[in-house]
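Chains A and B supply the protein sequences, listed in that same order.
In terms of the numbering used here, the first sequence has 6 at position 6, counting the first letter as 1, and numbering is strictly consecutive.
Counting from 1 along the second sequence, just add 1000 to a position and that's the residue number in the numbering used here.
If you are wondering where the hints come from, they were derived from the structure by calculation, not from laboratory data.
Hints may be right or wrong, so weigh each one.
To be verified - In the DMTMM-like style, the derived pairs of lysine to aspartate or glutamate whose C-alpha atoms are separated by at most 25 Å in a straight line are:
no., chain 1, residue 1, chain 2, residue 2
1, B, LYS1070, A, GLU101
2, B, LYS1108, B, GLU1026
3, A, LYS57, A, GLU82
4, B, LYS1003, B, GLU1015
5, B, LYS1016, B, ASP1055
6, A, LYS57, A, GLU75
7, A, LYS13, B, GLU1044
8, B, LYS1038, A, GLU101
9, B, LYS1003, B, GLU1017
10, B, LYS1108, A, GLU52
11, B, LYS1108, B, GLU1044
12, B, LYS1070, B, ASP1018
13, A, LYS57, B, GLU1044
14, A, LYS57, B, ASP1029
15, B, LYS1003, A, GLU52
16, A, LYS57, B, ASP1018
17, B, LYS1070, B, GLU1015
18, B, LYS1108, A, GLU82
All values reported here derive from a predicted model rather than from experimental measurement.
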Amino acid sequence: KAGVTQTPRYLIKTRGQQVTLSCSPISGHRSVSWYQQTPGQGLQFLFEYFSETQRNKGNFPGRFSGRQFSNSRSEMNVSTLELGDSALYLCASSLKVQGMETQYFGPGTRLLVL
Amino acid sequence: AQKVTQAQTEISVVEKEDVTLDCVYETRDTTYYLFWYKQPPSGELVFLIRRNSFDEQNEISGRYSWNFQKSTSSFNFTITASQVVDSAVYFCALSEAVSGYSTLTFGKGTMLLVSP
């Protein structure tokens, strides 16, 4: 079974621009979560989507948004990029029918904001 | 609020040595899960183990073993006879029932360097 895939793998943007990152979950998985990883703050939860609905959101500004499509694929968008948005963005998927399900991560998208 | 502490920022060992990575967590929830993930230089987080709060049995998987102690809120990870391929950053994480298990709270990670 193919793992979680993320595109693009690397991205360079300039301040003020916006960016869209894509995540395709493991086949059959319905929950997709996004995390930001930076050297200073470590791994931080951004949001989780299940059945096209955002179920949980971390403590990030409104510039960070996401959505999930009917095939469970997800995108996250960051508008008005700031230098501090440079990070590794990781997507994770899980079955999440009920209760606890292990989250499996993709390879991430490395975003550099200049 | 939930919190995961990995006090060891970096550990260096020589191949074949045993090494233990420490993890201490804080939660007010009575039902929660603990995890360990491995992050090699490629960046992908690789799932290693999941433990729920009601299961304090230690687990062994090959050279890996985990010691979960609720009394000390710890979930430590031991690698026996370490190998160069074990070099990576290891993260301990917590997921609570109160959040519907939607989120993982990670520690800062421990970088393990295994030299030949």
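Against the structure, the hints come out as follows:
no., hint, result
1, B:LYS1070 with A:GLU101, "holds, 21 Å"
2, B:LYS1108 with B:GLU1026, "holds, 14 Å"
3, A:LYS57 with A:GLU82, "holds, 20 Å"
4, B:LYS1003 with B:GLU1015, "violated, 32 Å"
5, B:LYS1016 with B:ASP1055, "violated, 30 Å"
6, A:LYS57 with A:GLU75, "holds, 15 Å"
7, A:LYS13 with B:GLU1044, "holds, 22 Å"
8, B:LYS1038 with A:GLU101, "holds, 18 Å"
9, B:LYS1003 with B:GLU1017, "violated, 30 Å"
10, B:LYS1108 with A:GLU52, "violated, 31 Å"
11, B:LYS1108 with B:GLU1044, "holds, 16 Å"
12, B:LYS1070 with B:ASP1018, "holds, 24 Å"
13, A:LYS57 with B:GLU1044, "holds, 22 Å"
14, A:LYS57 with B:ASP1029, "holds, 19 Å"
15, B:LYS1003 with A:GLU52, "violated, 29 Å"
16, A:LYS57 with B:ASP1018, "violated, 39 Å"
17, B:LYS1070 with B:GLU1015, "violated, 31 Å"
18, B:LYS1108 with A:GLU82, "holds, 23 Å"
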